[in-house]
Structures are given as structure tokens and as C-alpha cells.
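A.B. asks: When you get a sec, could you build the whole thing from the sequences and use the hints?
So the sequence lines, in the order shown, correspond to chains V and S.
My numbering numbers the first residue of the first sequence as 1 and each following residue consecutively.
My numbering numbers the first residue of the second sequence as 1001 and each following residue consecutively.
Note that these hints are calculated values from the structure, not bench results.
It is possible that some hints are incorrect.
Here are a few chain V residues that face chain S, going by a calculated C-beta distance under 7 angstroms [what the hints assert, rightly or not]:
1) L97
2) L117
3) L133
4) L136
5) D195
6) T242
7) I246
Pulled from the structure, derived: some chain S residues nowhere near chain V, Cβ distances all over 12 angstroms [said to hold, decoys possible]:
8) E1045
9) G1049
10) V1062
11) D1070
12) W1093
13) T1098
14) L1099
15) D1114
16) V1175
17) L1191
18) P1199
19) A1239
20) G1253
21) E1274
22) R1295
23) D1298
Cβ coordinates follow ideal geometry from the N, Cα and C atoms, glycine included.
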Amino acid sequence: MRDSLYIAWRYVTHNRARTGTLVACVTLIGFLPLALEVLLDESERQLLSRAESTPLVVGAKGSALDLVMNTLYFDDEIPEPISLRAADEVAATGLALPIPVYARFRARSHPIVGTSLDYFAFRGLRIARGRQLALLGEAVIGAVAAERLGLEPGDHLVSSPETVFDLAGVYPLKMHVVGVLARAHSPDDLAVFVDTKTAWVIQGLGHGHQDVTTTRDPSVILARGDGKVVANAKLVQFTEITPDNIDSFHFHGGAEDYPLSAVIAVPDEVRAGTLLRGRYLEQDTPLQILRPRDVIEGLLENIFRIKQVLDAVIGVVGLATLLAIVLVFALSLRLRQREIDTIFKLGCSRGTIAQLLAAEIVIIVGLSAAICLVLLQIVDAYSGGLVRSLFL
Amino acid sequence: MIGGQTTRRLNLSLLAVLWGAAAVSAAAGPLRIHTVNYPLQYFAERIAGPHAEVVLPAPPEVDPAFWLPDAAVINQYQGADLVLLNGAGYARWVGKATLARSRLVDTSAGFRKDYLAAETAVTHTHGPSGEHAHTATAFATWLDFSLAARQAAAIRDAVVRLQPRLREEVEENFVALERDLLALAQQAKALGLYAKGMPMLASHSVYQYLAEAYGLNLRSMHWEFDQTPDGEQWAELEALLRRHPARIMLWEGAPQAGVVARLQSLGIRSVVFEPVANRPGRGDWLSVMRANLVRLEDALSR
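C.D. replies: Here you go:
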């Protein structure tokens, strides 16, 4: 057998192009479904672990998937806004800790997540460099976002306008990066965290400007009197919050009406969570409460349905490739007929010839399996990052 | 797939992360309570006793209402188990700082509808956002001693929520504090009745709740006790006196001797009534309030 393997090895190394093609085909047939399996397993693990660690999400009625994906992964699809009152209502029940989330804006393609300090404790996020958020206009950024944007504490980051055509819209806000989070291997690594109040300033709900009651510039003030001042668009509105102008920043209207995209509700026990869910069963409430795990499991079911289709396609393609390989071998036997005759005339039995051919197949399949294993090891090692960058 | 039991374990571990911190710190030592002014610090110290370390980080020379702490001080607030807010727009820096909502206690949230307006708002218009006003709410709520008692009750509730095992002791402390506060309220009410709507002045607009609760006919100037009013301010006073013939003027601190003498020449007695928003040089909140009422009584009885 060793001799057969030796001769077969000499043959396959001599016909490198043919061997390379066959090895590539067999490798792909094995690698594709297995790699897909590894990636899907990792996706499932990541999706479920994030969903499992987020007990309940309160948001506007509408697409449950959009709401959960935006709240957990800061996805582009922004759910209908709810108000801060929703968080206050959760707090008032005494059943859960409400954590506001306002993930609507972006800074250089990274999501700006307006939240409160409770979020950092809830997700176990730790400041690696710099310090925690303290004042309006400050931002703490995820480890990957910091790397990609080349930002460190002390740098600035400008919010991106929602649309370039919104010429009359609010000015972008120049945020002060005060801290960089330690890597969490989650979507938090890609995010820019600000206080919800800073997110509202980005939206234009809060702003700072020259003091209209003291400025005497006639080109700014259109009318003054009777406790009323009318200023024109020349009034300087601040696009950066500094120690000098922070006092001029103010919000109009009741804070309870300010928007959020969702509220993460963290009940103090399972029973409290059930009771809280019961509060949102009325038909007339504009809010819905979701268990992210249920929503993500629904999503995974769909993904697995797609995977089954993909598996079938890969199966058919694999079968076709296998048939092609069989054909290649059959044709190569014909091409090698003179060579086989010579071996036969040299005194080799038909069994030995079959053994030689079988050894070639074993070598090709063995090489393919080895390459496939190495590739799968690589995919497995990088699956976390791959899944985060490709799917989440 | 992860089963229900695992989910329950995860939920419980989350709970431990969020709520357990306070319990752990409580077990390890006293509660860390930060306040935005001295009245709340005093109330919290009385209520929690030795079970809390109550801190007012504002330096003694500033008015905590208008103080803006730096990031390092805000970081101290972030580390507290409880942050006691006065509400009513007091300490506007709170609206510009990042603090954990779960640790904030707005001690006046229970009587928001009873807030008083401080002064006429300036309405202004600019840009596409339309007309809006910078409304001002009177914030020295503790000068209505009944409201102060309600703020103290909010502190009691917050402490008990964090430390249920201290319920009895905290309740006992609260009852003693409430007794003192209601005694002040009774004394102030008697003074209000005695004053019978007598016109009075205030050097600054901080006494809205005192005036409203105890029927004092107060009109506010914008004078600083450590500054000499200019001619315009004296003229403003004289014009006001024609409509509002006051014989008493309340001051946040001891006014300058020259000012006292000139007011005396106009028939106005100066009475120091310290709001004690920050730590007093001597005594505590209760003793200063008692002294305030004694001085007012003395001025009224002359």
C-alpha cells in the first residue's frame, strides 16, 4: 500500500494543475456548508447572548424586529420614537430599572447612542482610557470605533447630518471625546455613547445661543419689548459645548416629552418582568413591550429556513461537482490507458492498478480535507469578528 | 437554545449588577449620599444618621443653585448611591450633567404642581423652532417648611428603599425632623398672621415660598447684601415704596452698615433671613432657621 501511495503521490505532484483543480473542487464542496454552519452558529450565539442579556425592551408599536435590532445593535432602521415619559412610567411601576436608549444619529457612520450611566453598568462596559461622560456635549466611544476613527480622549467628533438636503436643519454638534471603552466584543464597540441630553441637542431640541436679552446688536434683534425678543437667523447658535457657553444651553418644553427610540427595562425578578409585560397589554397603548429573545429567536428561525435552502443549493452544486470529478477521473483513466497498459505489462495485477488509482483519490481527498480543516480553523478563530462585521 | 432556568439566572445576575452594587456598598459601609444644597444635606444627615455619609460637594463660598461643578466633581456624584435633587429648576447643572437616573431623587417631585414662578419669563424667537420662553421657577422650596417636610419624606423613602433594614430607625429620625420642621412652620404661620399683610421687601427674589406659605406681603428687589446699591436701585426702591410702603426688608446675609442706615432713614428695618442654601458659618440649618424667625418676630414686634 505504501508503494501505491508513493507512486500515486509522484503522479499527483507531477500533474499539479489537475491535482490543484480537483483539490480545490473537493475542498470547496466540504468547506462551504461547514463554514456556513460555523458562521451561523456564531451568529446565533451572538444574537442570542445579546438578546438574552436584555430582558425587556419598551418601544413604539410597529416592527418588533426594527425595535429590537435598533436597541440591541443600533441598526439603521429607526423605530418610531417614544417619549422619556415611557421610561418614567417604567420607573413608576417599581418593577424594573428603565434605561433610555436613543439610537438615531450617526457620526462618521458610527451610531450615536444617547443613554444614561445605567447603560454602562448594565452592559458591564468599562472605560479603558479617559473618563466617563460628565457634561453635556461629551462622548465616550467604543474600542473599535476609536480604532477606526483614530480617536483618543481629548479629540473631537462631529455628528453627521441626517440628510445633506436638510439645509435649514440643525447644525452638527462637535462632541468632545472624553473616554474610550474597553473592548466588549459586542455592538457597543462600534458605538459613540452620549448622554440622552446631548442626543437631544444634536436633534436641535436643546440649544445654546447668544443671550438675546443682553445682546445689543441691531442686526440680530428684530424686535424687543414686553418680555418678548425676536431674533433673526444671524443669532449665533453654538455648535460646540464648551465650559464658556454650557450655561447658555437650554431645552424647551417638558423633558418628559423628549424622544427616545426605546427603553430597556431591567426587572428585579422574573415575576416583576411578567407583571410589567402585563401593563402593556391594553390595546390603546401606543407602546409595546418585547422580550428580545423571542424576537431574535423568530429571526433565527427565518435564518435557518434560508440556511436550509442554502444547504439544498450547496448540496445540488456539490453533487454536480462530485459528478464532474467522477467524470474527470473517468476521462483521465481513458487518457492514461496507455500508461495503465504499460503498468499491466510490467506485471502489475488489475488489483494493484485499482489500488494505485484509489491511492490517488485518497491523496486528493486527504489534501482537500486538510485544507478544509485549516480554513475552518481560520473561520472559527475569526468567526466572532466576521459575524459582527458581516451581519451585526 | 438557552432554557428558562438559564434565563432566570441571567436576569438575576443582571439584577445583581444593577441593584446589588448599592446593597454591597451598604453592607460594606455607610450609604454615600450626595446633595445639591445644604438643606437636603441637613435633612439627609438627620434622617440617615450614622448610616450615611452625606456630602455637599459645592465649596462653602458659592451659591449651590448657580454653581457648575467640573467633571471631577460630577464623577463624585456618579459614584454616590443616592443623589438628592431639590427640583424646581434648582442647580441647573444637573440638567447638563450625566448622572445615573436610577440614583437621582427629585425631592420635590411630589409637589411639582405647587411650584411658584420666579419672575416673568423672556419669550424669544429665532430660527425655525418658533417662539419659546426661558421660564424660571422659584426654587427655595425649603423656605415653606411644610414643603421641606415633604422633601424630607422623599429622602426617607429613598433611604428606606436602599436600606430596608433601617426602616424603623429612619422613620424615627424622620418623625423627629418633621416635628422640628412643622414647629418652624407653625411659628412662621403665626408671624404671617401677626404681620397681617404688612408690606415687606426682600433684597432678592428667593423668599417666594416663605411669602406664599405664610402670607407675607413681600416684594423683591435685586440687591446683593455685600454690595452697595447704586442710584438707580435706590430710585427704584423709592418708587416701589410709594406703591408698597414696606417697613421691613429681608436680606440673605448681613447688609453693609451704610445701606442699613440709609434704609433706616427711609423707615425700613433690615432683617437677615438666611435661606442657608449652603453650609452656614455657625450652627446648622435648623438653628439658622430658628434664628431667622426670631429676628423676623423681633422686627415685626417693634
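A.B. asks: Hint by hint, say whether it matches the structure.
C.D. replies: Hint by hint, here is what the structure shows:
{"no.": "1", "hint": "L97", "verdict": "5 angstroms, holds"}
{"no.": "2", "hint": "L117", "verdict": "4 angstroms, holds"}
{"no.": "3", "hint": "L133", "verdict": "4 angstroms, holds"}
{"no.": "4", "hint": "L136", "verdict": "4 angstroms, holds"}
{"no.": "5", "hint": "D195", "verdict": "4 angstroms, holds"}
{"no.": "6", "hint": "T242", "verdict": "12 angstroms, violated"}
{"no.": "7", "hint": "I246", "verdict": "6 angstroms, holds"}
{"no.": "8", "hint": "E1045", "verdict": "25 angstroms, holds"}
{"no.": "9", "hint": "G1049", "verdict": "25 angstroms, holds"}
{"no.": "10", "hint": "V1062", "verdict": "14 angstroms, holds"}
{"no.": "11", "hint": "D1070", "verdict": "8 angstroms, violated"}
{"no.": "12", "hint": "W1093", "verdict": "8 angstroms, violated"}
{"no.": "13", "hint": "T1098", "verdict": "4 angstroms, violated"}
{"no.": "14", "hint": "L1099", "verdict": "6 angstroms, violated"}
{"no.": "15", "hint": "D1114", "verdict": "17 angstroms, holds"}
{"no.": "16", "hint": "V1175", "verdict": "24 angstroms, holds"}
{"no.": "17", "hint": "L1191", "verdict": "34 angstroms, holds"}
{"no.": "18", "hint": "P1199", "verdict": "25 angstroms, holds"}
{"no.": "19", "hint": "A1239", "verdict": "20 angstroms, holds"}
{"no.": "20", "hint": "G1253", "verdict": "24 angstroms, holds"}
{"no.": "21", "hint": "E1274", "verdict": "26 angstroms, holds"}
{"no.": "22", "hint": "R1295", "verdict": "34 angstroms, holds"}
{"no.": "23", "hint": "D1298", "verdict": "39 angstroms, holds"}
Violated hints for the displayed structure, listed by number in ascending order: 6, 11, 12, 13, 14.
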